[in-house]
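Student: Below, each chain spelled out in residue letters.
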Amino acid sequence: KQEVTQIPAALSVPEGENLVLNCSFTDSAIYNLQWFRQDPGKGLTSLLLIQSSQREQTSGRLNASLDKSSGRSTLYIAASQPGDSATYLCAVSASKIIFGSGTRLSIRP
Amino acid sequence: DTGVSQNPRHKITKRGQNVTFRCDPISEHNRLYWYRQTLGQGPEFLTYFQNEAQLEKSRLLSDRFSAERPKGSFSTLEIQRTEQGDSAMYLCASSLAQGTYGYTFGSGTRLTVV
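Chains D and B, in that order, are what the protein sequence lines are.
For what it's worth, the numbering used here labels the leading residue of the first sequence as 1, then goes sequentially.
For what it's worth, the numbering used here labels the leading residue of the second sequence as 1001, then goes sequentially.
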């Protein structure tokens, strides 16, 4: 049974810092890995999708890596801004998508 | 196409009442998924459809829950005899095939059972 773990559960950093969110999964038989952002009380917004054959994807200040053999992914956020405050969810895909519990990120002005 | 649409956005109901939620997926997506999310947790899988066929149901989907996707287009999720523990955000997602190109989520329906 696939299990996805995200560390840390919560993170608070001052504006401008670079930061890394971690995700691990137990079964490497995945099609892809997707990072989502969720604002309080809202739905999920897709940030980055990494296919199982890829090592990383970049979008603006965001960079996500995937090491399928070790069951790990990281989401790197450069030059953090208060608008980045949200919960970030990692999800792996096989027949369906399985989520971690998320990292609640707070960027202090 | 404006993405995945869910209605209603919010629903408050009394314990014991039945509720129904609707999801309209992206039109060319043949797979549709339902998830439930409680406060502070990641979304939990409930069920998914490929076209009109319901291919998998989670053990979380008790016999009070039923989902349909007639004609492989929109889907409905019905909860009968609601309980306070059913209070959650219900999320719908759609994808092409096995999610090779990722999953697109709707804004969710927040259910409060009083």
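Treat the hints as calculated values from the structure; they're not laboratory data.
These numbers come from a predicted model, not from an experiment.
Wrong hints could be hidden among the right ones.
[Said to hold, decoys possible] Derived DEER-like restraints, expressed as beta-carbon distance ranges:
hint	chain 1	residue 1	chain 2	residue 2	range
1	B	Thr1076	D	Thr5	27 to 35 Å
2	B	Lys1014	D	Gly41	20 to 28 Å
3	D	Pro14	B	Ser1058	36 to 44 Å
4	B	Arg1022	D	Glu3	44 to 52 Å
5	D	Ser85	B	Gln1054	21 to 29 Å
6	D	Ala10	B	Ser1058	21 to 29 Å
7	B	Arg1015	D	Thr5	29 to 37 Å
8	B	Leu1096	D	Thr45	12 to 20 Å
9	D	Ala94	B	Glu1078	37 to 45 Å
10	D	Thr45	B	Lys1071	39 to 47 Å
11	D	Ser28	B	Thr1076	30 to 38 Å
12	D	Ala10	B	Tyr1101	45 to 53 Å
By construction, the Cβ of each residue, glycine as well, lies at the ideal position given by its N, Cα and C atoms.
Student: Next step is simple, just say for each hint if it's right about the structure.
Tutor: Do the hints match the structure? See the list:
1. The given range of 27 to 35 Å is respected by threonine 1076/B and threonine 5/D, whose C-beta atoms sit roughly 33 Å from each other.
2. One distance hint, 20 to 28 Å for the beta-carbon pair lysine 1014/B and glycine 41/D, holds here, with the actual separation near 22 Å.
3. Checked against the given bound of 36 to 44 Å, the beta carbons of proline 14/D and serine 1058/B, roughly 41 Å apart, stay inside it.
4. Checked against the given bound of 44 to 52 Å, the beta carbons of arginine 1022/B and glutamate 3/D, roughly 31 Å apart, lie outside it.
5. About 38 Å separates the C-beta atoms of serine 85/D and glutamine 1054/B, a value inconsistent with the hinted range of 21 to 29 Å.
6. In this structure the supplied range 21 to 29 Å holds for alanine 10/D paired with serine 1058/B, their Cβ-Cβ distance being about 27 Å.
7. At roughly 34 Å, the beta carbons of arginine 1015/B and threonine 5/D sit within the given window of 29 to 37 Å.
8. Look at leucine 1096/B against threonine 45/D: about 19 Å separates their beta carbons, and that is inside 12 to 20 Å.
9. At roughly 27 Å, the beta-carbon separation of alanine 94/D and glutamate 1078/B lies outside the given 37 to 45 Å, and the hint is violated.
10. Under the hint 39 to 47 Å, the C-beta atoms of threonine 45/D and lysine 1071/B, about 29 Å apart, miss the expected range.
11. For serine 28/D paired with threonine 1076/B, a C-beta distance near 36 Å keeps the hint of 30 to 38 Å intact.
12. In this structure the hint that alanine 10/D and tyrosine 1101/B lie 45 to 53 Å apart at CB is violated, the actual value being about 31 Å.
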